[in-house]
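Under my numbering, the residues of the sequence shown are numbered 249 to 622, in order.
In short, the hints are calculated from the structure, not lab data.
Even glycine gets a Cβ: it sits at the ideal position worked out from N, Cα and C.
Where hints are given, some of them may not hold.
As the list claims (entries may be wrong) - DSSO-like, lysine-lysine: derived pairs with alpha carbons at most 27 Å apart:
| no. | residue 1 | residue 2 |
| --- | --- | --- |
| 1 | 393 | 361 |
| 2 | 544 | 533 |
| 3 | 521 | 306 |
| 4 | 346 | 361 |
| 5 | 364 | 393 |
| 6 | 544 | 559 |
| 7 | 346 | 393 |
| 8 | 559 | 306 |
What the hints assert, rightly or not - Derived Cβ-Cβ restraints for the label pairs, each shown as a range:
| no. | residue 1 | residue 2 | range |
| --- | --- | --- | --- |
| 9 | 501 | 543 | 25 to 35 Å |
| 10 | 518 | 496 | 29 to 39 Å |
| 11 | 502 | 533 | 25 to 35 Å |
| 12 | 538 | 324 | 43 to 53 Å |
| 13 | 437 | 496 | 33 to 43 Å |
| 14 | 584 | 324 | 40 to 50 Å |
| 15 | 543 | 327 | 30 to 40 Å |
| 16 | 501 | 327 | 30 to 40 Å |
| 17 | 324 | 392 | 52 to 62 Å |
| 18 | 523 | 407 | 36 to 46 Å |
| 19 | 427 | 481 | 11 to 21 Å |
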Amino acid sequence: MKKRIIWIAAVLAVVIAAATLFGRGGKGPAVNYETQVIASDTITLSVTATGTVNPVNKVDVGTQVSGIISNIYVDFNSEVEEGQLIAQLDRSTLEAEKSVAAESLCSAELDYKLQKKNYERQRSLFEQGLISDTEYDDAETSYLKAESSYRQAQLSLERAEINLGYTQIYSPISGVVLSRAVDEGQTVASGYSTPTLFTIANDLRQMQVIANVDEADIGAVTEGQRVDFTVDSYSDTTFGGTVRQVRLQSTTTSNVVTYEVVIDAPNPELKLKPGMTATATIYTKEKGGVFVVPAKALRFVPSDITAQQRKELPAHHVYVRDADGALTPREVTTGISNGIETEITSGLAAGDEIVVGLAAAEDTGGDVSVSISM
Numbered sequence: 249m250k251k252r253i254i255w256i257a258a259v260l261a262v263v264i265a266a267a268t269l270f271g272r273g274g275k276g277p278a279v280n281y282e283t284q285v286i287a288s289d290t291i292t293l294s295v296t297a298t299g300t301v302n303p304v305n306k307v308d309v310g311t312q313v314s315g316i317i318s319n320i321y322v323d324f325n326s327e328v329e330e331g332q333l334i335a336q337l338d339r340s341t342l343e344a345e346k347s348v349a350a351e352s353l354c355s356a357e358l359d360y361k362l363q364k365k366n367y368e369r370q371r372s373l374f375e376q377g378l379i380s381d382t383e384y385d386d387a388e389t390s391y392l393k394a395e396s397s398y399r400q401a402q403l404s405l406e407r408a409e410i411n412l413g414y415t416q417i418y419s420p421i422s423g424v425v426l427s428r429a430v431d432e433g434q435t436v437a438s439g440y441s442t443p444t445l446f447t448i449a450n451d452l453r454q455m456q457v458i459a460n461v462d463e464a465d466i467g468a469v470t471e472g473q474r475v476d477f478t479v480d481s482y483s484d485t486t487f488g489g490t491v492r493q494v495r496l497q498s499t500t501t502s503n504v505v506t507y508e509v510v511i512d513a514p515n516p517e518l519k520l521k522p523g524m525t526a527t528a529t530i531y532t533k534e535k536g537g538v539f540v541v542p543a544k545a546l547r548f549v550p551s552d553i554t555a556q557q558r559k560e561l562p563a564h565h566v567y568v569r570d571a572d573g574a575l576t577p578r579e580v581t582t583g584i585s586n587g588i589e590t591e592i593t594s595g596l597a598a599g600d601e602i603v604v605g606l607a608a609a610e611d612t613g614g615d616v617s618v619s620i621s622m
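Can you build the whole structure from these sequences, using the hints too?
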């Protein structure tokens, strides 16, 4: 009885294996093609670059005189108008200097008038031959010196008045205060350079991106090209812009040469802030209403063709699948390519179904079930 059971089990194993094999008809893995129907599309060529978001116009406001900051009327993010008073320096020292200059002018004026009268008197006597040349020359020299001193005193007073006016600091443009570098009571010294007290940016609703483009790509970038860019703060938002300027000055960092490209970036919602890092895509060429195929479709060759058939294939071709599923090579002419997609200028028509790749999927066939009762 035991031997009979073993024999039956062996026979069933053979039957199941045969059923599985012949159920598949002796076929290998089924081939599934990835296809695409030809229709008009748009192809683009682009250049990527990183840059920094900046205001279009930014002004550093300083002071031309030294002194103590007595009053500050604006703060970070304050909106200001052109000509608005934004800070005041202590005026006492400069007012004293103005008073001294005024007194010096008064003294110089008195001396000038005196020397002028004396010169006119000496000139009359000289013309009558009543004084020597030396006496006349001395009188003329004293008059000219007094006249020069009088003019210098006038200029000193004007300078003191101008410096006094510099104690009032006005905004040179309308915009927003980006930074404030001083506090009330702080002493500022002009010295040989003007210290920066405030940084004011013009309308932040219009920003710009200064992008650094690699030397290998800069030749394709021109003014007026469309730009998309993103910033880390709004990773799901794509901002638009336009190339406004391609600067000629290059920058070399670690042997990498780049050129600055200025991109106009409208900012109506004020999402973009100065200093943000932007990743930009500059569209150097765009063609719409053309046939576009994946670049891999031009490399596709069925695995079942012969070596001779491979040699006879056109240099640029795609495989077209007809209604019966048959594949036929079709010679095509290509246009521009971005490495992922390629323009087809001739050889295809709208509605053609081309093969862009294949995927092998094993056909498992039907299930075989055997039940034995002993």
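Structure-based check of all given hints:
no.	hint	result
1	393 <-> 361	12 Å, holds
2	544 <-> 533	21 Å, holds
3	521 <-> 306	13 Å, holds
4	346 <-> 361	23 Å, holds
5	364 <-> 393	10 Å, holds
6	544 <-> 559	19 Å, holds
7	346 <-> 393	23 Å, holds
8	559 <-> 306	64 Å, violated
9	501 <-> 543: 25 to 35 Å	33 Å, holds
10	518 <-> 496: 29 to 39 Å	32 Å, holds
11	502 <-> 533: 25 to 35 Å	30 Å, holds
12	538 <-> 324: 43 to 53 Å	51 Å, holds
13	437 <-> 496: 33 to 43 Å	38 Å, holds
14	584 <-> 324: 40 to 50 Å	49 Å, holds
15	543 <-> 327: 30 to 40 Å	52 Å, violated
16	501 <-> 327: 30 to 40 Å	37 Å, holds
17	324 <-> 392: 52 to 62 Å	57 Å, holds
18	523 <-> 407: 36 to 46 Å	39 Å, holds
19	427 <-> 481: 11 to 21 Å	20 Å, holds
Violated hints for the displayed structure, listed by number in ascending order: 8, 15.
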